[in-house]
Amino acid sequence: MEQLTQTIQTVPLNAYITLCTVIFAIGVIGVLLRRNAIVIFMSVELMLNAVNLLLTAFSVYLGDASGQVFVFFIMALAAAEVAIGLAIIVMIYRNTNSIDIKVLNRLKW
Amino acid sequence: MNTFYFIAALSVIFAILVISAKNPVHSILYLILTFFTFTVHYILLNAQFLAIVNFIVYMGAILVLFLYTLMLMNLNKESEPVKSNLVKIAAVIGGGCFLVTIIAALKTFTGSVPVVLKDTNLGLVKNLGKTLFNEYLLPFEISSVLLLSAMVGAVLLATKDPKTTA
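Top line first, the protein sequences correspond to chains G and R.
According to the working numbering, the residues represented by the first sequence are 1 to 109, in order.
According to the working numbering, the residues represented by the second sequence are 110 to 275, in order.
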């Protein structure tokens, strides 16, 4: 473990910020690009995880454990969100027989 | 250092595959691989507790839930909706603008400081538990209420017959 943590000693903080930004942007593109409701959901998970990783990197950088506790809370929140979201998607699929978000445009008004 | 860049490249490649795969089941499998690379990132940062939680909760529970839901719906490649090319280009430009903005803002900071682990006990269960149950005890209790309400809500939403939900 000592040897493993030695490997991050030379990684600049900017590399972590760049990586997380790229992953987050991929998540944003995924939400805009796809029409399958489940894939959109997965893109949201991708964005949540990018933020988690950045919080952990900052937590290690500042030597403060609060960042990692926040990641723990985000994970609990994500679990609740996924359970509710998938239940809603299952209900939509039962009513419309499709998970295309185009079907949901009647929610506009 | 090279380990980080190798894993980072893998994360980005798998993340792109998640949103570009035609078949939603392949999408989920690529998402599992992406989350696995994130677990490796946590281990490299010596955040051992988060690495285990990420492995068990995300890869073990959430993604299996996704996979089962998708398999219950019996979707196939033919029913996969496709967006028009114009919308696709607009989506990529929109996401790209976000990326360029953040990276450009990052470039204004000169001289990046390396991430150095000052306290090797930082990410261990003992240390995190002390922080969690001292400073963050109230949010911890509230999150248990959140999980309970989410469970009740999911059961209520997913039950088919309106008579049984009443």
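Heads up, a few of these hints could be off.
[What the hints assert, rightly or not] Subject to a maximum C-alpha distance of 30 Å in a straight line, what follows is the list of computed DSSO-like cross-link-like pairs (lysine-lysine): (1) G/Lys102 - R/Lys197; (2) G/Lys102 - R/Lys131; (3) R/Lys131 - R/Lys197; (4) R/Lys216 - R/Lys197; (5) R/Lys216 - R/Lys227; (6) R/Lys227 - R/Lys239.
[Unchecked claim] Per the computed footprint, the stretches of chain G lying under chain R, defined by three or more beta-carbons under 8 Å from a beta-carbon of chain R, are: (7) 10-19; (8) 28-41; (9) 44-52; (10) 56-66; (11) 69-77; (12) 81-93.
[Unchecked claim] The following label-pair restraints were derived from C-beta to C-beta distances: (13) G/Asn105 - R/Asn194: 31 to 39 Å; (14) G/Val51 - R/Val234: 37 to 45 Å; (15) G/Leu62 - R/Phe207: 42 to 50 Å.
Hints are computed from structural coordinates only; laboratory data are not their basis.
Note that beta-carbon positions come from the ideal geometry of N, C-alpha and C, so glycine has one too.
Each hint, compared with the structure:
no. : hint                            : in the structure
1   : G/Lys102 - R/Lys197             : holds, 15 Å
2   : G/Lys102 - R/Lys131             : holds, 18 Å
3   : R/Lys131 - R/Lys197             : holds, 14 Å
4   : R/Lys216 - R/Lys197             : holds, 28 Å
5   : R/Lys216 - R/Lys227             : holds, 26 Å
6   : R/Lys227 - R/Lys239             : holds, 18 Å
7   : 10-19                           : holds (count 10)
8   : 28-41                           : holds (count 11)
9   : 44-52                           : holds (count 4)
10  : 56-66                           : holds (count 8)
11  : 69-77                           : holds (count 7)
12  : 81-93                           : holds (count 11)
13  : G/Asn105 - R/Asn194: 31 to 39 Å : violated, 20 Å
14  : G/Val51 - R/Val234: 37 to 45 Å  : violated, 22 Å
15  : G/Leu62 - R/Phe207: 42 to 50 Å  : violated, 25 Å
When the structure is compared with the earlier hints, violations turn up for hints 13, 14 and 15 and for no others.
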